[in-house]
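Trainee: Heads up: the sequence shown runs through residues 448 to 941, numbered per the numbering used here.
For the record, the hints were derived by calculation from the structure and aren't laboratory data. Treat the hints with caution; some may be incorrect.
What the hints assert, rightly or not - Derived BS3-like pairs (lysine-lysine); straight-line CA-CA distance at most 30 angstroms:
(1) K713 to K660
(2) K768 to K711
(3) K711 to K660
Since we're looking at a predicted model, the values are computed, not measured.
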Amino acid sequence: MMRRIIGTVIVVFGMFAHSARAAQAPSQGRLEVAPTTTLGVASKSGGIAARDLVFTNGNVRLAGTLFVPPGLGPFPAVVLMHGAGPETRRPYVPDARMLVSRGIAAFIFDKRGTGESEGDWRRASLDDLMEDGLAAVALLRLQPEIAPGKVGLMGSSQGAWLAPFMAARSESVAFLVQITGSATPLANQEMWDDGNSLHALGFSDRAIETEMKALHLLFSTREWVRRGLLPLGDLWFVHYDPFLDPATAWPHVRVPALVLFGEKDKTVPTQSSIEILERLWARNGHPASRIVVFPGRGHALGGPSRNDDPVYAALVTQWIKAVTEGREPPTMPFPDHLASSPGLHWYGMGARTTPWYATASFQLPLMLMFALSFVGAAMASVLPWTKMGGCLSRWLVGVTGLHNALLLASLLWVINYLLNADATDAVPAIPHVGILLPMAWAAVALAVGQAWLWWKTRASASNRLGRLAVSLSTLASWAFVPFLAYWGVLGGRW
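All chains should be modelled from the sequences, with the hints used to inform the complete structure.
Mentor: Following this line, the structure appears as structure tokens:
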């Protein structure tokens, strides 16, 4: 969904506990499934209060709503953290209703730049989003109905991924509930998501490999955007560190975590995330932490409708009450591992950095150099005052420049098509891709011809401008060959 470069992304997350096998160890509690209570979003209904609150993070004013259960309190509470994108508090009302109906207060707020909150979500860094959530935690700890030592975080997707970083930097967070996030860095999750999406659409491995390289290029633009050198400020994901790793936060988290995955999640690398958590939790996990894989569920466990599932509701609320009351959490009703593989591939799981030759700092100037060289060569070949040693020389320089400029434009069009394929449900038969292979090998042949021409013009009746045009065209043509090989154009099925 990074083809939502032009519109969305991703999401990612990480987690925590003592060992994956301990996550299924028998416990003394028992999960009790009770019927749900339907609530209205009113100021007060059946003793359940809902009031609007305003708080700040730095100079940004944020607005939200606190739902409080009936009774005297003080109550445990959660701050609900948003997924990626421009999310208001509204989609999280069902979560708040479910929690408050079972004795847990819930605070939902408009992400900065949405609803009644100030700021700009597109330009917000991950630090900004974390600090917004921690400011909400601080706000809840001051409310008279809330037990200040029992305020936790509950996040879905991106909100879940942020949670361990927030708990690592603040002792005010009492527990974490994470819903279908990734334990990998953002870049790995995004490549995994995009690769499997293209594979499901029927794209070839070569096409997917090309898109992985394009994603690396996009990930590396963050510093350019920060310095104002690249006008991509509205693409919010470029403000994030793509290789920020939740595994670096978990060793500093000292609170219990309930980590929920969906067996059929195609957005998050569940198996890889579980393996990461098993390794981390075996070293310094909290004994009350648990991993649960919901059978048959996808990303976000079905979205807001998950709150209508009495098993999900009981699992989450009884675990929260157990850890905030110092009791043993109930036995989990589902396993802590994938029962079966959904047939997904491991795209992007090994990357931890973007190689120098794959970065925008290298690739974009190279593309610009090629474009200027090829267009310039084609123009120079028709200038009457440019002497290149004969009509054949002039023809070869012009044809090479025009051909390679068209090939470069075609390759960039294919890359853009791949980046947007998932968002548009594109067909795997990439239009005009069949011409890339013959054009690429023609570029190799033209590069050989250019080398011959360069040698010939050294001793021919060429003027200085002609020799310069031939030299630059030859250099660009030869450099173009490894560039085409890197982008997978010289062979293989598209």
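Trainee: All hints are to be evaluated individually against the structure, with a verdict given for each.
Mentor: Hint-by-hint comparison with the structure:
Restraint check: the Cα-Cα separation between K713 and K660 comes to about 21 angstroms, which is no more than 30 angstroms; the hinted pair holds. For a cut-off of 30 angstroms, the pair hint linking K768 to K711 stands: about 28 angstroms separates their Cα positions. For the hint linking K711 to K660, the alpha-carbon distance of about 26 angstroms falls within 30 angstroms, and the restraint holds.
The structure fails none of the hints (numbered hints given earlier).
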